[in-house]
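**Student:** Let the hints inform the model, and build the full structure from the sequences given.
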Amino acid sequence: MPLRFVLDEHLRGGALWKAIQQHNSAGIDPIDVIRVGDPNDLPNGSTDPEVLRWSWLNDRILVSLDRRTLPAHLAIHVQTNGRSPGVLIVRPGSMTSRVLFSLVLIAHAGDSADYQDRIEYIP
Amino acid sequence: MKLPDFLTRDPDGEIRLAGHRIGLYTVARLREAGCTPEQIAEELPSLTRGLIEQVLAFCAANLAEVDAYVAAYQKDLERLAAAPAGTGVNKMRRRMELLEKADARHGSEPGWSGLSVQEKLSRLESESPCEPV
Numbered sequence: 001m002p003l004r005f006v007l008d009e010h011l012r013g014g015a016l017w018k019a020i021q022q023h024n025s026a027g028i029d030p031i032d033v034i035r036v037g038d039p040n041d042l043p044n045g046s047t048d049p050e051v052l053r054w055s056w057l058n059d060r061i062l063v064s065l066d067r068r069t070l071p072a073h074l075a076i077h078v079q080t081n082g083r084s085p086g087v088l089i090v091r092p093g094s095m096t097s098r099v100l101f102s103l104v105l106i107a108h109a110g111d112s113a114d115y116q117d118r119i120e121y122i123p
Numbered sequence: 001m002k003l004p005d006f007l008t009r010d011p012d013g014e015i016r017l018a019g020h021r022i023g024l025y026t027v028a029r030l031r032e033a034g035c036t037p038e039q040i041a042e043e044l045p046s047l048t049r050g051l052i053e054q055v056l057a058f059c060a061a062n063l064a065e066v067d068a069y070v071a072a073y074q075k076d077l078e079r080l081a082a083a084p085a086g087t088g089v090n091k092m093r094r095r096m097e098l099l100e101k102a103d104a105r106h107g108s109e110p111g112w113s114g115l116s117v118q119e120k121l122s123r124l125e126s127e128s129p130c131e132p133v
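For the protein sequence lines, the chains are F and S, in the order given. Reminder that position 107 of the first sequence reads as 107 in the working numbering, one-by-one numbering, no gaps. Reminder that position 26 of the second sequence reads as 26 in the working numbering, one-by-one numbering, no gaps.
Read the hints as simulated data drawn from the structure, not as lab findings. Just so it is clear, CB atoms sit at the ideal spot from N, CA and C, and this is done for glycine as well. A portion of the hints provided could be inaccurate.
Unchecked claim - Here are the computed lysine to any residue pairs in the SDA-like style, where the Cα-Cα straight-line distance is at most 25 Å:
#, chain 1, residue 1, chain 2, residue 2
1, S, K91, F, M1
2, F, K18, S, C35
3, S, K91, F, A75
4, S, K75, F, Y121
5, S, K2, S, G13
6, S, K75, F, S94
7, S, K2, F, Y121
8, F, K18, S, K2
9, S, K91, F, A107
10, S, K101, F, N44
11, S, K2, S, F58
12, F, K18, S, K75
13, F, K18, S, G13
14, S, K91, F, P71
15, S, K2, S, E42
16, S, K101, F, Y121
17, S, K101, F, P123
18, S, K75, S, N90
19, S, K101, F, P71
As the list claims (entries may be wrong) - According to the in silico footprint, chain F covers these stretches of chain S (three or more CB under 8 Å from chain F):
#, segment
20, 22-29
21, 39-46
22, 83-96
23, 113-123
**Tutor:** So, in structure tokens, the structure goes:
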């Protein structure tokens with residue numbers, strides 16, 4: 001099953017979300033992405049622990065940007081709950097097409113075990 | 001730095017816009033990059049235009065402190081990003097490079113652009129069985 005993602009509130013608008021929608025409309029290797037603020041139980045303004053818990057319960061890798069607090073909160077989350085599908089941080093200034101390609105490759109050719117409990121930087 | 005009520009400091013030291021996961025750092029970075037309030041609103045659509053204006057006015061009124069906060073934050077992000085990549089990301093980067101080269105090589109072939117990532121990787125594997133994909 002392809003890996004799934006939840007985009008952080010910082011990434012709700014902007015080029016990446018538009019690129020994902022455009023990519024998915026083409027129909028080849030669509031990626032399953034929702035955004036913080038979309039589900040009723042994951043509102044904008046949720047704290048890091050709340051977002052990490054939601055991503056764990058819903059088995060979606062968190063894709064974030066500009067959050068220096070996530071590594072420490074992920075470590076606490078893993079200690080408390082035992083598992084996280086992982087966190088991907090988009091490097092500032094990255095080309096949108098390469099970030100999108102990273103997500104497509106991780107979703108369709110990635111192994112969930114490689115991302116569990118880890119923070120990784122993409123692309 | 002004394003914060004107005006539209007900015008909140010979390011126990012972990014993060015300054016964020018009240019009611020949002022978006023930090024002062026993110027808005028200050030966009031401001032530094034020369035984004036207009038309209039562009040910031042497009043990038044961060046969960047923020048109201050009024051809140052963006054308030055944060056930008058706060059940045060302008062507290063320039064030295066905000067600059068110091070942004071510089072320290074940036075250093076933290078760079079330190080974190082310097083951690084070595086794990087197996088999954090290294091594999092992903094290798095495949096990205098292989099597929100970009102393959103797209104340049106096979107792009108004009110009929111049907112190539114309609115293949116899925118897995119189909120392209122399988123084809124590359126059969127072309128060069130000794131090279132791991």
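**Student:** Measure nothing beyond the straight line between the CA atoms of K18(F) and K75(S); if it is 25 Å or shorter, mark the hint as holding.
**Tutor:** Outside the cut-off at roughly 29 Å; violated.
**Student:** For the pair supplied as a hint, K75(S) and N90(S), is the alpha-carbon distance within the 25 Å limit?
**Tutor:** 24 Å, holds
**Student:** Are K101(S) and N44(F) close enough, with their CA atoms no more than 25 Å apart?
**Tutor:** 40 Å, violated
**Student:** Please count how many residues of the segment 22-29 of chain S have a CB within 8 Å of a CB from chain F and say whether that reaches 3.
**Tutor:** holds (count 5)
**Student:** Has the given pair, K91(S) with A75(F), been kept, meaning a C-alpha gap of at most 25 Å?
**Tutor:** 24 Å, holds
**Student:** Measure nothing beyond the straight line between the CA atoms of K2(S) and Y121(F); if it is 25 Å or shorter, mark the hint as holding.
**Tutor:** 33 Å, violated
**Student:** Would you check the hint for K18(F) and G13(S), treating anything up to 25 Å between C-alpha atoms as holding?
**Tutor:** 32 Å, violated
**Student:** Quick one, are K91(S) and P71(F) close enough, alpha carbons at most 25 Å?
**Tutor:** 22 Å, holds
**Student:** Checking one constraint from the list: CA of K101(S) to CA of P123(F), max 25 Å. Satisfied?
**Tutor:** 17 Å, holds
**Student:** Take a quick look at whether K101(S) and P71(F) sit within 25 Å of each other, Cα to Cα.
**Tutor:** 34 Å, violated
**Student:** Taken at face value, is the distance from the CA of Y121(F) to the CA of K75(S) at most 25 Å?
**Tutor:** 16 Å, holds
**Student:** Are at least 3 residues of the segment 113-123 of chain S within less than 8 Å of chain F when you compare beta carbons?
**Tutor:** holds (count 6)
Hints 7, 8, 10, 12, 13, 15, 19 from the list above are not met by this structure, while the remaining hints are.
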